[in-house]
Structures are given as structure tokens and as C-alpha cells.
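Undergrad: Which chain is which? The protein sequence lines are A and B, in order.
The numbers in the first sequence follow this note's numbering, run straight up by one, and end at 406.
The numbers in the second sequence follow this note's numbering, run straight up by one, and end at 157.
Bear in mind the hints are in silico, worked out from the structure with no lab data behind them.
There may be inaccurate statements among the hints.
Listed next, the in silico SDA-like pairs over lysine to any residue satisfying Cα-Cα at most 20 Å (straight line) [what the hints assert, rightly or not]:
{"no.": "1", "chain 1": "A", "residue 1": "350", "chain 2": "B", "residue 2": "139"}
{"no.": "2", "chain 1": "B", "residue 1": "115", "chain 2": "B", "residue 2": "70"}
{"no.": "3", "chain 1": "A", "residue 1": "311", "chain 2": "A", "residue 2": "372"}
{"no.": "4", "chain 1": "B", "residue 1": "72", "chain 2": "A", "residue 2": "335"}
{"no.": "5", "chain 1": "B", "residue 1": "102", "chain 2": "A", "residue 2": "394"}
{"no.": "6", "chain 1": "B", "residue 1": "116", "chain 2": "A", "residue 2": "393"}
{"no.": "7", "chain 1": "B", "residue 1": "72", "chain 2": "A", "residue 2": "333"}
{"no.": "8", "chain 1": "A", "residue 1": "350", "chain 2": "B", "residue 2": "141"}
{"no.": "9", "chain 1": "B", "residue 1": "72", "chain 2": "A", "residue 2": "311"}
{"no.": "10", "chain 1": "A", "residue 1": "350", "chain 2": "B", "residue 2": "140"}
{"no.": "11", "chain 1": "A", "residue 1": "350", "chain 2": "B", "residue 2": "143"}
{"no.": "12", "chain 1": "B", "residue 1": "72", "chain 2": "A", "residue 2": "372"}
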Amino acid sequence: EAQVTQNPRYLITVTGKKLTVTCSQNMNHEYMSWYRQDPGLGLRQIYYSMNVEVTDKGDVPEGYKVSRKEKRNFPLILESPSPNQTSLYFCASSSSGRLFEQFFGPGTRLTVL
Amino acid sequence: SQQGEEDPQALSIQEGENATMNCSYKTSINNLQWYRQNSGRGLVHLILIRSNEREKHSGRLRVTLDTSKKSSSLLITASRAADTASYFCATWHNQGGKLIFGQGTELSVKP
């Protein structure tokens, strides 16, 4: 089944404790992206990657890192999480020929205490 | 908002009624999409309408697009309780390689 998976789905952590949210897709998509969703602010892009080893900042990249060493994986790294990073995070992917047709993962709900 | 406004922000109707949601956007587009999100869960793609289309149907969904007004509407006919969700419009922007989403309409369909 074609899908985007994220892990973990739920995470409660404390300020400053490094964490990684994994994202994997099995559709051989070139493009992958991370969004965060916050009440009243909607979905905002954090980082995106057009292909392996190619990443770029989105609208709200501060406090986040990403890497794209393999085509299928695009982990989101929070080196020193803070409470303002409490949010619902979504990973998405699409093919280079249809970038706009994005497939979303199920979301990761992160709480930073 | 980055993209524009969706209205209404919340809509409550009875099963069987029609639900109409509107979306406005700010820049030129090649296409516009509608997504559905069940409470706190992932986004599901519903329908895409291209900039040269004025109307598109998919099952109980009908989408219209007015590029002169930079607006779109989503109509759900004969709504069901299972349609209860948030609905978002989104447009793709090559600059920045991203979808820009509207704020969403929270639809509640009462049985």
C-alpha cells in the first residue's frame, strides 16, 4: 500500500531533550516536506527536500533540522525542543512530476513540557 | 493568513443538508485542492481543480473555481455524520516548493 509513515505518532518530552521524528514513504517520491499545524495559524511548512541531499528552509525552520540521505526517509530533528514547538507535525511527499499532489502522513502530536 | 480566508470558520448542519465552504487565495494559481482532516488526524486529498476549470464533481463533492475573484467553493451534498471534519483549501507554490493552506472550515454534521 502506498503510504507515508511517521513515528512516533504521539510524544511527550521535556525542554532540551533532543528528539527525532521519522518520516518514510514507499512511493519513490523525490519531494518530501514537513509541516506543523497550530490552532489559528493553520499548516506551515518547516523544511522541504526536492531530492536526496537537497533540502531547503520553509516558512518556520527555526529550531528544526532535517536530512535527506535516502530517497525514502526525511527525518525531522529537534536538537533542543522548547514548549513553542508543541504542535501537530505532518510529513508529506510527492513526485517531481506532480509536486502539488502531496500525500500526507498521519501526523505526530508532540508536546514539549 | 498566508493564503487567504476560508469561511465560514465553523459550520453546523443536520444530516441530509448541503454544506458549502468558501476559500479565497491571494496569488495566481495553476490549480487548487481541497483536503479533509478528521479531528487531529492526517490530511486526506479530496479533489483538485485546475485553473482552466470552473467546476468539478466527485461523488457528493462539487468544487467551483473563480479565478477572477480568486475564490473557490466546496459543496458537500446530502451530508452525513461521517462528513464531520475540517476542510482546507490549498494551492501549490513553486517558489518555496510548498502547499499553502487556508485556515479551514470546521464542519459538524448532526445525525
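Undergrad: Is the Cα-Cα distance between residue 350 of chain A and residue 140 of chain B 20 Å or less?
TA: holds, 14 Å
Undergrad: Would you mind confirming whether the straight-line C-alpha gap from residue 350 of chain A to residue 143 of chain B stays at or under 20 Å?
TA: Judged against 20 Å, a Cα distance of about 10 Å means the pair holds.
Undergrad: CA of residue 72 of chain B to CA of residue 335 of chain A, is that 20 Å or under?
TA: holds, 16 Å
Undergrad: Within a Cα-Cα threshold of 20 Å, do residue 72 of chain B and residue 372 of chain A meet the stated pairing?
TA: violated, 35 Å
Undergrad: Are residue 350 of chain A and residue 139 of chain B close enough, with their CA atoms no more than 20 Å apart?
TA: holds, 14 Å
Undergrad: CA of residue 102 of chain B to CA of residue 394 of chain A, is that 20 Å or under?
TA: holds, 17 Å
Undergrad: Residue 116 of chain B and residue 393 of chain A were given as a pair; does the straight-line alpha-carbon distance stay at or below 20 Å?
TA: It holds: about 18 Å lies between the C-alpha atoms, which stays within 20 Å.
Undergrad: Are the Cα atoms of residue 72 of chain B and residue 333 of chain A separated by 20 Å or less?
TA: holds, 18 Å
Undergrad: Can the restraint linking residue 311 of chain A and residue 372 of chain A be considered satisfied, given a maximum Cα separation of 20 Å?
TA: holds, 5 Å
Undergrad: For residue 350 of chain A and residue 141 of chain B, compute the direct alpha-carbon distance and say whether it is at most 20 Å.
TA: Holds. Residue 350 of chain A to residue 141 of chain B sits at ~12 Å (cutoff 20 Å).
Undergrad: Next pair to validate is residue 72 of chain B with residue 311 of chain A; report whether the Cα-Cα distance is within 20 Å.
TA: violated, 38 Å
Undergrad: Does residue 115 of chain B pair with residue 70 of chain B here, judged by a C-alpha cut-off of 20 Å?
TA: holds, 8 Å
When held up to the earlier numbered hints, the structure conflicts with 9, 12 and fits the remainder.
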